[in-house]
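K.L.:
For reference, the chains in residue letters:
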Amino acid sequence: MLKIIVSVIGRDLKLAMRRQADIVSALFFFIIVVSLFPLGVGPEPDLLRKLAPGVLWVAALLATMLSLPRLFADDHRDGTLEQLALAPHPLGLVVTGKVIAHWLVSGLPLAVIAPILGIQFDLSNDALLVLTLAILLGTPALSGIGAIGAALTLGLRGGGVLLSLLVLPLYIPVLIFGAGAVDATVAGLGGEGHLSLLAAMTFASLGFAPWATAAALKIALE
Amino acid sequence: MKDRLNLYRLASPATFYPFAGAMIPFFAAVSVVFGLAGLYLGMLVAPTDFQQGEGYRIIFIHVPASWMSMFIYLIMAGWAAIGLAFNTRLSGMMAQALAPTGALMAFISLWTGAFWGKPMWGAWWVWDARLTSELILLFLYIGYMALTAAIDDARRADKAGGLLLLVGVVNVPIIYFSVKWWNTLHQGSSIAMGKSSMATTMLWGMLLMAMCFWMYSIAVAFMRVRTIMLERERHTDWVKALLAGDGK
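Residue numbers (my numbering), protein chains in the order written: chain A, 260 to 481; chain B, 618 to 865.
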């Protein structure tokens, strides 16, 4: 069981590494969107400190969304997806592997770069630490939930816009607790509660989302 | 056998089409009767609220619309579950027929809520838990409608939409509680089992209006599902026979 997941992760990572431009452009999208906000609202440090968690998290949601359509589209186009669906092992495991690989190339870089962007927003060290932890804990849930949307919109016209309509409302709890963790730390309340809830959502979505995604893929492949 | 009503027979569009057609006038009439009674109680009989004045009367539209918006989503998810489990054709059609009404109810709820909020809270919109989750519910309706509209193959649209509805239903409580912990300003529900904090006439007016909205939703959903049936089954004999008979 673990072997299937690991081999799918390895395959997807290898494919992603052959196209590093995709990873880098999603990352720069994140950086650019975050950098636009100070230009839009003004450079006052107090205001920026207040805005930072929300801005970083919304940008993280959008950056994750950006890479979601590619999750299944390439495999669908060259027929790999059908072969994976025909294979004897459950499709849900394959999807789990693909979701983890997606997180490694989209969520993890965001968590690495987020503290640097946080410094631009004048966040304190504690807040930066919690922000990084929150993005680390929350983005796997984004990949998991997003996979359902990516599978539902597979091969449809206007798939990208449609995907955001479907997935963004479902991302709201992650956004609330992700940004809330940093807000609570800044306010001196401690972000542990929020982080625990984020971790709970991540584990729940990694447990359930692959099966819903597999069902959606089977509908799309009919 | 001939005289017994077999509910399973209604799962076929060919038998459900005339059945729905026969039921529409009934539900429409009941809706009008409940609506007139509810509006009479709500607008003329119910006492003026000592805190909120006459403005509170918008709840006779607002509360039933909110109830229906949530209820219809549950019903759609129920149809989706039946459709995915038993592969029935009618389930997906019913879910699609209900969606615009559910979205309309969510919209009415938000709209009337804004009219109520301006005089009572001094703001058209506040980021309170219930308002926000109602707005998200509207987004979920829109997402469902956009997804089913984007898929040309009707069967795939039904199944993909059904799956989205089921995922949405799992998420609705999570969204609701996350938004609730995030911020709460909306007054608590005034209706609880056994003890109700409002006058009896107000409660009756609200319940009658809820029945009115409920019956209206059924009537409109039946009308819409009949259209969907004709469109999807246009190649079948029963539709051709029906249209040939109608077209005189």
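For the record, the hints were derived by calculation from the structure and aren't laboratory data. Treat the hints with care, since some could be wrong.
Here are the simulated DSSO-like cross-link-like pairs (lysine-lysine), alpha carbons at most 30 Å apart as the crow flies [stated by the list, open to error]: (1) LYS262/A with LYS273/A; (2) LYS309/A with LYS857/B; (3) LYS477/A with LYS262/A; (4) LYS309/A with LYS477/A; (5) LYS857/B with LYS797/B; (6) LYS797/B with LYS309/A.
K.L.:
Broken hints, numbered, in rising order?
P.N.:
Per hint list: 2, 4, 5 violated.
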